[in-house]
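Those protein sequences? They're chains E and V, same order as listed. Just so you know, we're using my numbering here: the first sequence kicks off at 1 and counts up by one. Just so you know, we're using my numbering here: the second sequence kicks off at 1001 and counts up by one.
The hints are simulated quantities; they were obtained by calculation from the structure and are not laboratory data. Just to be clear, a hint being listed does not mean it is correct.
[What the hints assert, rightly or not] Straight-line alpha carbon distances no greater than 27 Å define the calculated BS3-like cross-link-like pairs of lysine-lysine that follow:
| no. | chain 1 | residue 1 | chain 2 | residue 2 |
| --- | --- | --- | --- | --- |
| 1 | V | 1111 | V | 1082 |
| 2 | V | 1059 | E | 99 |
| 3 | V | 1082 | V | 1059 |
| 4 | V | 1099 | E | 49 |
| 5 | V | 1082 | E | 59 |
| 6 | E | 49 | V | 1107 |
| 7 | E | 107 | V | 1049 |
| 8 | E | 49 | E | 112 |
| 9 | E | 3 | V | 1099 |
| 10 | E | 99 | V | 1049 |
| 11 | E | 99 | V | 1003 |
| 12 | E | 82 | E | 59 |
[Said to hold, decoys possible] Which bits of chain V does chain E cover? Going by a derived footprint, with three or more residues having C-beta under 8 Å, they are:
| no. | segment |
| --- | --- |
| 13 | 1011–1019 |
| 14 | 1049–1061 |
Note that the Cβ used here is the ideal one computed from N, Cα and C, for glycine as well.
Number of protein chains: 2
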Amino acid sequence: MRKLSIAQKAYVGGFLDGDRSIYVRLKPNVTYRFRHQIAPCVVFFQARKERAGLEYLHKLLGVGYIRERNDGIIEFTISDVKSIRFVLTMILPHLYLKKRQASLMLKILDKKERVETAQDFLKLCVLIDAFQHLNYSKRRVQTSASVQTVLEREGFLTP
Amino acid sequence: MRKLSIAQKAYVGGFLDGDRSIYVRLKPNVTYRFRHQIAPCVVFFQARKERAGLEYLHKLLGVGYIRERNDGIIEFTISDVKSIRFVLTMILPHLYLKKRQASLMLKILDKKERVETAQDFLKLCVLIDAFQHLNYSKRRVQTSASVQTVLEREGFLTP
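Can you build the whole structure from these sequences, using the hints too?
As structure tokens, then:
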């Protein structure tokens, strides 16, 4: 993590605004206490030939990692909570298209740390529903409703 | 055209870097002196649902126009030379991925204004070849070679 100038922060903000790249996934996973993993993510995409640009961003921010997908797209991914919070807090004043997503993501990360009961977890899932709605996510399978069904079935909540 | 703060310039730079959006087309057109039109362009693209973001950029810069394509993509296009020069000169220090394209575009705009002979025009087309090479443009039909063929056929140049 590095200290960026205002111009650098604004540049990263503009880059992120130009792309569809803040999201949070809700994944069924029995090894987790409430049977679901919450996986927040900030990703920058570019075609293979633009790899140098993502390497520039990677170096500038000093967090995350770069990988090449099978389809040749290069992804610069930031997926640990501390790094996401660092990046989004820094560029929030410079976001316009994705300001709501970034604010809601920061709220989700805060709530995620304070989950104690199944009720807390379910409230967090409702926030994730709102987030996915902002992103116009259509292939959504896991929602607060499906989480609630699982938590009731497993006895965490009474139907 | 408006005066932007450093953060605003950097934001526009980041936005442009995240997208594939500076290009120059060479179009056959018999109404032009050298039988070809040179059409420079800076475009920002977004899906329809992100229209507000492009409207923000449009208002911020105070140049260009917004249109919705048939496929639902929204384009914010800047195609007059004065506005392109204004925008690119301003954000050049904040570009990383597209710095070479922006510099070369500014050079092309300068040369374009000073074209007097068919030889000058052909030299300009060679610069456009270089530009299209930077953009990895594969569907390129018009090149300095095809322009040369036309100019020779029409008697502007001796083969």
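task = Output the numbers, in ascending order, of every earlier hint that fails for this structure.
result = 5 and 8
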